[in-house]
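Engineer: One letter stands for each residue in the lines below.
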Amino acid sequence: MFRAILYTQWKWARPVLFLAIIAAGWIPLEALRSSPYKELGTYHVPSLYASIAAAGSAYQYLALAVAVVLSISAWQADSARQHVYALSLPIPRWRFVLLRFGAGALLLGIAATAVGLFGGIAAALAPLPPSLHAYPVGLAIRFWLGTLIPFGLIFALLCSSPRRVKIVVAAVVTVIAVDMALAGFGVTDGPQLINWVLRPLYESGSPLTAFLSRWMLVDV
Amino acid sequence: MSDAIMLRNVAFRFGKEFAIRDLSMSVPTGAIYGFLGPNGSGKTTTIKLILGMQEPEDGSIEVLGHQMPKAAPQALARIGYVPERLHLYASLTVDEVMRFHQAFYATWDATRAEELRRQFNLRHEQLVSRLSKGESGKLMMLLALATQPDLLVLDEPTDGLDPVVRRDVLSALVEYVSARNATVLVSSHLVHEQERICDWVGVMDEGRLVAEMPMHAFRSGVKRLRVNGAPPVLPAAPFTLLGRSPVAGQEEEWGVRGWQPEMQSWLEAQGATLRETIDLDLEESFVELLRTSRSGGNR
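If you read the protein sequences in the order shown, they are chains U and F.
According to the working numbering, numbering within the first sequence proceeds without interruption in unit steps and concludes at 220.
According to the working numbering, numbering within the second sequence proceeds without interruption in unit steps and concludes at 1299.
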């Protein structure tokens, strides 16, 4: 059963996964390539550090993009037919949802593995200064956990009824519209309402804090 | 004979509007039950309730001995379902859909599935999104039959299909049912098609079941009478008066069920004369039932 569900999600998500794997290979290589060598054949530490920190942001965007696309693709085919097929199968709904989530988590693991693997290869090929060390496994785990959070949030929203999805989307659009209107009329200085809504998601201990910390392939 | 499907006083609403109100119906085990009704009468909603896809507001639903929707997985394992519209994943091929479906059914008959695939001229590598309406209908029927179900629930399975495909689908269905003695609930607004294959019939209109009886009773039970000189108010009749409408002068046309020629004496006792008895075919009976149920039922 899990294999059947995994196969469908693999089929729907594989173009994105291929792109993610290419990006996972390109990000560390580009970070190291753009960092200048010192004369002795090792990296200039501050510029390498800055370059790796920039690559960390690229990993975050990659994680977010992969998570969003995979969560949408997990339910798109079911949503298009009002979930009739899934509901007609002889399996409890919660179990079907769990299997879909498990398949998605496994596919995100492929992207995370690529991040760790290419990060490890790039770090092994680069003559790092003695004060710096590569953490490809740690980065891969952080990437995987980081993708699971937005994946889980969007997944939960999309496996719900179309009515609930519409309510949530309408609420988000309303908040943005009101915020823009308040800023436009000079009532506020900027996007206060959005910050107020999103702040709890980023505060310490909340689910999206993983995206605020630095995702470093190479660190002290 | 026990009932494969039993609904008792079921109510269901979309928002504030009742889609189904006080619905009770019984589908006997082994019957081919034709579920008739015009478009929008509540047939598909009732089917979704039977399959546990919707939860009733009130009443109880039992399918193959399982309470729905609580025990839906257990019941669905023994049900083959063909919905009104294609419900399968469009980006999969025929072969992939068959393998996906198989993974959920312990009773999947791979040999039979392959036979049906060849019989229906479906190619392994055909994408579901590229299938014609007829091919989609055949694929859904294949999936339903290959699970060897005890109950088949078919929602307008031949709607929009050309006569050749319709014949293929119906013959596969009849062949399966005669071999397995399975129960079939088949909804349609195509009255003549139901007449050919069904032995029970239920007629649904505006969220209510307006008639439920064996097909032979339905076929011979509804007649139109031309009656002259009947009083406006009648005592209890030995037949069911579905409706009456004036024709000309004192002459009226009555829709009746359960009419027997010897009941003419009852009419005469009321001071009325029977001018003509008109036998209705199934479609006319269906229309008569709907017309009378909408104008207030028995009077």
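Fair warning: there could be bad hints in the mix.
[As the list claims (entries may be wrong)] List of simulated lysine-lysine pairs, DSBU-like, C-alpha gap at most 30 Å:
# : chain 1 : residue 1 : chain 2 : residue 2
1 : U       : Lys-166   : F       : Lys-1070
2 : U       : Lys-166   : F       : Lys-1016
3 : F       : Lys-1048  : U       : Lys-166
4 : F       : Lys-1133  : U       : Lys-11
5 : F       : Lys-1048  : F       : Lys-1016
6 : U       : Lys-166   : U       : Lys-11
7 : F       : Lys-1016  : F       : Lys-1070
8 : F       : Lys-1070  : F       : Lys-1133
9 : F       : Lys-1070  : F       : Lys-1048
Hints listed in this document are in silico derivations from the structure and should not be mistaken for laboratory results.
Engineer: Each hint: holds or not?
Structural biologist: We went through each hint and held it up to the structure:
1. U:Lys-166 <-> F:Lys-1070: Cα-Cα ~27 Å, so holds.
2. U:Lys-166 <-> F:Lys-1016: holds, 19 Å
3. F:Lys-1048 <-> U:Lys-166: holds, 23 Å
4. F:Lys-1133 <-> U:Lys-11: At roughly 24 Å apart (the allowed maximum being 30 Å), Lys-11 (chain U) and Lys-1133 (chain F) satisfy the hint.
5. F:Lys-1048 <-> F:Lys-1016: holds, 19 Å
6. U:Lys-166 <-> U:Lys-11: holds, 27 Å
7. F:Lys-1016 <-> F:Lys-1070: holds, 24 Å
8. F:Lys-1070 <-> F:Lys-1133: violated, 33 Å
9. F:Lys-1070 <-> F:Lys-1048: Between Lys-1070 (chain F) and Lys-1048 (chain F) the Cα gap is close to 14 Å, so the pair holds against 30 Å.
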